[in-house]
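Using the sequences provided together with the hints, build the complete structure.
Keeping their order, the protein sequence lines are chains A and B. Note that the numbering used here gives residue 151 to position 151 of the first sequence, counting from 1, and the numbers run on in steps of one. Note that the numbering used here gives residue 804 to position 299 of the second sequence, counting from 1, and the numbers run on in steps of one.
These aren't lab readings, by the way, just hints derived from the structure by calculation. Bear in mind the structure is a predicted one, so any value in this text is a computation, not a measurement. Certain hints may be false.
Claimed, not checked - Among the chain A residues that face chain B by a calculated CB cut under 10 Å, a handful are: (1) Ser302; (2) Glu339; (3) Gly344; (4) Asn354; (5) Ser364; (6) Thr371; (7) Arg375; (8) Ser395.
Don't be surprised by glycine CBs; every beta carbon is placed ideally from N, CA and C.
If you want the building blocks of each chain, they are given just below.
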Amino acid sequence: MTADLRLELTGISKQYPAVRANDRVNPRVKPGEIHAVLGENGAGKSTLMKIIYGAVQPDEGEIRWNGQPVTVTSPAQARRLGISMVYQHFSLFDTLTAAENVWLGLDKSLALSEVTRRIVEVAHNYGLDIEPQRPVHTLSVGERQRVEIVRALLTDPQLLILDEPTSVLTPQAVDKLFVTLRLLAERGCSILYISHKLDEIRALCHHCTVLRGGRVTGEVDPTRESNASLSRLMIGAEPPQLQQRAHQAGAVVLKVDGLSLQRQDAFGIDLHDIGFEVRAGEIVGVAGVSGNGQQELMAALSGEDTRAAPAAITLFGQPIGDRSPRRRRREGLHFIPEERLGRGAVPTLSLAQNTLLTRTEAVSRGGWVDTDRVRRMAQDIIARFNVRGGGVDSSARSLSGGNLQKFLVGREISADPKLLIVSQPTWGVDVGAAAQIRGELLKLRDAGCALLVVSEELDELFELADRLLVIAKGRVSPSVPVAQASIEQIGAWMSGLWSTATVGT
Amino acid sequence: MFKLEARPQPSRWMSMLSPLLALAVTVLIGVGLFMLLGKDPLRGLQIFFVEPVKSLYALSELSIKATPLILIALGLAVCFRSNVWNIGAEGQFVVGALVAGWVAMQAGPQLAWMGRGVVVAILLAGVLGGMAWAAIVALLRDRFNANEILVSLMLVYVAEMLLSYLVYGPWKDPQGYNFPQTITFLPETRIPRLAGGLRAHIGTLIALAAVGAFWVFLFRTYRGFALQVGGLAPLAARYAGFSSRSALWTALLLSGGMAGLAGALEAAGPLGQLTPHVPAGYGFAAIIVAYVGRLHPLGIVFSGVLMSMFYIGGELAQSRLALPKSLTGVFQGLLLFTLLACDTLIHYRLRWQRRAAPDAADATATAKGA
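Printed below as a string of structure tokens:
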């Protein structure tokens, strides 16, 4: 009898114009099971979840829910069946309170006070502490996620889908989330846990379905697997190991001293008295939960925001705080933003034209563009950095995230920067491309370039950086050499708790 | 039933084919229109598409209409590509004509030393006039963040008032039997004609040269590239370090100058004096010309000629078929409307499907849900 299964999919396929997102996928989820769905970006995880949640219809295949065949035509119907989903990007209204946000998604016959009472009750039951009366814009990212989870739990789901839930959390917040999830599973709720983080899946999940290119490549018990074996299933190979060499830090290249800036938009962060240095031949990593001033700091360093006092940012001793991005680039400061499409590259323009965005070697003094030379430059970047998915004439939009990032990293690295600032170098990039990009960054460091890398992934920073800083609430911690840093310490600093006595390194 | 399905890539082929498809649909609707009006559709089409290119004289008249349309549309294409919405080219055209007309009226014994060179001064004056009018828009946008769409449109009416005031008042020809018009400009101020007997003038050559110049500017200069990046992706322009203020000023001054040049050519060319009828709608029609021409200089040549055919066809339809002249506007509007509709096919393709898909509405409704 199949009624033992909470959810059973048989031969689910979904064809999109360019890709087959799911090809005869059939995962089965037991009651009370934490079931991981592991795969790279573009492996078909999100499509599969959307099919289960009714947001997308499969082309073929059958869905059985508690043994009964069903067609889930909409998320509303999915919720009626007992399926809830917490998206990676929250859908909360900033100006409303937590309780009002939850109320919005519920049956309209309930009174707000009743909803508030139930929120407190559910939150208490699962160890999720939230204050229902607080407006959402005052909540941290972790708290917002808890609001989303409580909202999902109020419908008494039998299956909870979580899409990359830990990508925005501090390590401590991740531990807290896991406690809640285990509690939920013990009480019989099944959980579908989408992630590409191998450690988490091994620590939390009972069962793991691995997807690659839309197909299931493995059904394993993650507790019995190693990171290497899981990664082999996920990408078909083990990611190449990085060669970490002892580095020799040289002269100070970038010095930030007493940088303070008022926020420019209502939901931004003020920067307070930021100070640090980056030396030639070293990588300084900036850790922190997103939304703690990284965007604002990057804009001030790149020159997109020129309000800073000139002397607050110096490059080789020259004050550059008020210089335009083009002037800074001329001095050797290059920047790779986290938004690739629309900021790092113009989506509709070709790779050749996008080369011209930051590279002006092919522009004559009179402002004439040598288009042949631009194309050759783009061709060189494509060849040297192994950018796949089109030539110099294909639009930036047509490339996958990983290949576009390889192109952007290549564009800046081949400009021979003296200081390279990178924001989220491997965010949304598949494992193979990520390893290549990290390798290129290390090579650049060994060649004597100064690098500042901002990332939300601690693993990445520990792998790449020589020194670490933490940014929290618009302030920057003192720096620690990676060899002396621990995940716990950096995690604590990410909540803004460092002793201020030592600031000023 | 047919279903629209997103293409994985916008179709390049379709983006070139779309204006032709739009023209075909416009012609089809035109045939229906002629039949409803009780006219022979073939005769109607002939008047719109054959008569305007039938003879040298007809081509000369066509070039008189096409020249201002192409000149203005070139400037607007740069504007629209940089995401600056100047829809007041008509006003810049009028002020260009005014300033150029003023210079033309100064001609006489004291400017005799310039000889025919006075034409150059007249054209320059037109350019400066158009630029000045557009500069008001740029200034208000830059300084006070005023919406350039509204400001540029409103300034059209201010320019027309200014023209009326001058030709009804201080600039009125004393020997003009009290008609609202200036003196007829002296022969040496008139724009040189291409050939005797025809009204076509050297403005057509200027327009063709401008087409080349704008192509080079847009696709071979760094400045042109920077402007377009600003229009396509403002954040990328900021990242690259292209100033949005300088893009705003460049785009507006350039398009204002081109509209002013067209105004000067019109005033010192076919008109030969200023009357309240200087604004003929070229500034607005050029918006359609720019779009139908895909904001590309070469495309604008074709769409400019096409729109001129509608102008002339409308006039001919009035005299030969006894149809109202507003048919011109109907055709122009139809063309823009069908173009916008056909452009859907650049990003989507039609697919035959047996049953209606029920999930589309749900998917959008639940994007916010959860």
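Now the hints, each set against the structure:
1. At a threshold of 10 Å, the smallest CB-CB gap from A:Ser302 to chain B is about 7 Å, leaving the interface hint in force.
2. The interface hint given for A:Glu339 is met, as the beta carbon of that residue sits about 7 Å from the closest beta carbon of chain B, less than 10 Å.
3. Hint on A:Gly344 holds. Least Cβ distance to chain B is approximately 7 Å, under the 10 Å limit.
4. Nearest Cβ of chain B to the Cβ of A:Asn354: about 8 Å, under the 10 Å cut. The hint holds.
5. The closest approach between the C-beta of A:Ser364 and any C-beta of chain B is roughly 9 Å, which is under the 10 Å cut-off, so the hint is satisfied.
6. For the restraint placing A:Thr371 at the interface with chain B, the shortest Cβ-Cβ distance is roughly 7 Å, inside the 10 Å limit, so the hint holds.
7. A distance limit of 10 Å between C-beta atoms decides the matter here; for A:Arg375 the minimum to chain B is near 13 Å, and the interface restraint is violated.
8. The criterion of a C-beta within 10 Å of any C-beta in chain B is met by A:Ser395, whose closest approach is roughly 8 Å, and the hint holds.
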